[in-house]
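There are 4 protein chains.
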Amino acid sequence: MTEHPDLAGLQRRLAEFAAARNWQPYHTPKNLVAALSVEASELVEIFQWLTPQESARVMDDPGTAHRVTDEVADVLAYLLQLCEVLGIDPLTALSAKIDRNEHRFPAPGPDDTP
Amino acid sequence: MTEHPDLAGLQRRLAEFAAARNWQPYHTPKNLVAALSVEASELVEIFQWLTPQESARVMDDPGTAHRVTDEVADVLAYLLQLCEVLGIDPLTALSAKIDRNEHRFPAPGPDDTP
Amino acid sequence: MTEHPDLAGLQRRLAEFAAARNWQPYHTPKNLVAALSVEASELVEIFQWLTPQESARVMDDPGTAHRVTDEVADVLAYLLQLCEVLGIDPLTALSAKIDRNEHRFPAPGPDDTP
Amino acid sequence: MTEHPDLAGLQRRLAEFAAARNWQPYHTPKNLVAALSVEASELVEIFQWLTPQESARVMDDPGTAHRVTDEVADVLAYLLQLCEVLGIDPLTALSAKIDRNEHRFPAPGPDDTP
Numbered sequence: 001m002t003e004h005p006d007l008a009g010l011q012r013r014l015a016e017f018a019a020a021r022n023w024q025p026y027h028t029p030k031n032l033v034a035a036l037s038v039e040a041s042e043l044v045e046i047f048q049w050l051t052p053q054e055s056a057r058v059m060d061d062p063g064t065a066h067r068v069t070d071e072v073a074d075v076l077a078y079l080l081q082l083c084e085v086l087g088i089d090p091l092t093a094l095s096a097k098i099d100r101n102e103h104r105f106p107a108p109g110p111d112d113t114p
Numbered sequence: 001m002t003e004h005p006d007l008a009g010l011q012r013r014l015a016e017f018a019a020a021r022n023w024q025p026y027h028t029p030k031n032l033v034a035a036l037s038v039e040a041s042e043l044v045e046i047f048q049w050l051t052p053q054e055s056a057r058v059m060d061d062p063g064t065a066h067r068v069t070d071e072v073a074d075v076l077a078y079l080l081q082l083c084e085v086l087g088i089d090p091l092t093a094l095s096a097k098i099d100r101n102e103h104r105f106p107a108p109g110p111d112d113t114p
Numbered sequence: 001m002t003e004h005p006d007l008a009g010l011q012r013r014l015a016e017f018a019a020a021r022n023w024q025p026y027h028t029p030k031n032l033v034a035a036l037s038v039e040a041s042e043l044v045e046i047f048q049w050l051t052p053q054e055s056a057r058v059m060d061d062p063g064t065a066h067r068v069t070d071e072v073a074d075v076l077a078y079l080l081q082l083c084e085v086l087g088i089d090p091l092t093a094l095s096a097k098i099d100r101n102e103h104r105f106p107a108p109g110p111d112d113t114p
Numbered sequence: 001m002t003e004h005p006d007l008a009g010l011q012r013r014l015a016e017f018a019a020a021r022n023w024q025p026y027h028t029p030k031n032l033v034a035a036l037s038v039e040a041s042e043l044v045e046i047f048q049w050l051t052p053q054e055s056a057r058v059m060d061d062p063g064t065a066h067r068v069t070d071e072v073a074d075v076l077a078y079l080l081q082l083c084e085v086l087g088i089d090p091l092t093a094l095s096a097k098i099d100r101n102e103h104r105f106p107a108p109g110p111d112d113t114p
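Residue numbers (this note's numbering), protein chains in the order written: chain A, 1 to 114; chain B, 1 to 114; chain C, 1 to 114; chain D, 1 to 114.
Note that these hints are calculated values from the structure, not bench results.
There's no promise every hint is true.
[Unchecked claim] Which bits of chain B does chain C cover? Going by a derived footprint, with three or more residues having C-beta under 8 angstroms, they are:
#1 30-36
#2 44-50
[What the hints assert, rightly or not] Far from chain B, some chain D residues (derived; all Cβ distances over 12 angstroms):
#3 Glu3
#4 Leu7
#5 Ala18
#6 Lys30
#7 Ser41
#8 Ile46
#9 Pro62
#10 Asp70
From a predicted model like this one, the values you see are computed outputs, not experimental measurements.
Built from N, CA and C at the ideal position, the CB exists for glycine as well.
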């Protein structure tokens, strides 16, 4: 039985993958953020001429759904590799950010409804 | 005791955060990929004039370290929100991608060393 | 009387500006393309949550109009500085590209109308 | 004899090209800035794994030189199309920006040399 993959395990697989191919010299933080932004733009490219409504139905076409899923994986892969070389824990970073945003943008309470 | 945050829990917190502020109409896939690419570029901005060597020491300065960590959180936040609206499991997507890459780029074996 | 600025003159002013501040060591092609993409993303940031209709009215607000114009200038500045260090003539490059596109995407003729 | 192309003439050719293909509905400012950022990222992709030294020699290889020149043309094409739909004069915008930068970053004078 295959278990659901976890983030730390995937980060380790990516590190081993790069090490086995001697790619670490290329994986400077500067290069990894460039690669991350390129992959994010490949996601944008899929959506660039779509209306908001068309963009919401992008998973209905199996070919496009596969392409989007693949680019999501690429973005996550470079983000995890960046975190690996910089020693950042992405889950702790995001948790702290959500905490800060809850203070910056307080949710409207029941008394705020008209 | 605070547990280590997990990806699914953070994705849920982000969805509740957006819903409480009625931000869902803005969170079309097209807008979320644009926001994701903007956050990735804010990471690039930190590194754009650095040498490869300087980029490797970016976490030595506490102010820059905080800024990088914050942008990593922003990229992950938009990636998880995109996955939420499109119904993509990012960990399964990445696991499948690593599987494919292991076939595309076979690691050199011990016999390949000169 | 001020004449309308021309592209070659602006490219020269940018080169002199960088030289007077000893910025050339930073202006590697790799760094300039990163800076160009960061400026392009700052344009995207202005538009990321707008509807297509709102995006068409972005120049109606003087503050936003100024911000958009300023980012357009930044993109053009880095593009010209990239062309300077690489020895590319941007106008000849674009003219050749339009020629190629006219072959790749032939315009529908009068007989194509239903 | 072919004259050197000028920016205004190229902007007009691009507008006629889009009109002849009925592409104007796709050319919202929001979509054009997305396309501009995607093309800028395609330039980044060429340079992402290069050292600063390698990036400075990118025009030595005819295939890479052609690819870089082509992407420069694409960035300029979308920038001009964006200026067209927004009514921005890119040369005046850049000239004004250089004026402002000359005030923000005064050049060191001869007396500043040690």
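Hint check results:
| no. | hint | in the structure |
| --- | --- | --- |
| 1 | 30-36 | holds (count 3) |
| 2 | 44-50 | holds (count 5) |
| 3 | Glu3 | holds (37 angstroms) |
| 4 | Leu7 | holds (26 angstroms) |
| 5 | Ala18 | holds (21 angstroms) |
| 6 | Lys30 | violated (8 angstroms) |
| 7 | Ser41 | violated (8 angstroms) |
| 8 | Ile46 | holds (15 angstroms) |
| 9 | Pro62 | holds (27 angstroms) |
| 10 | Asp70 | holds (21 angstroms) |
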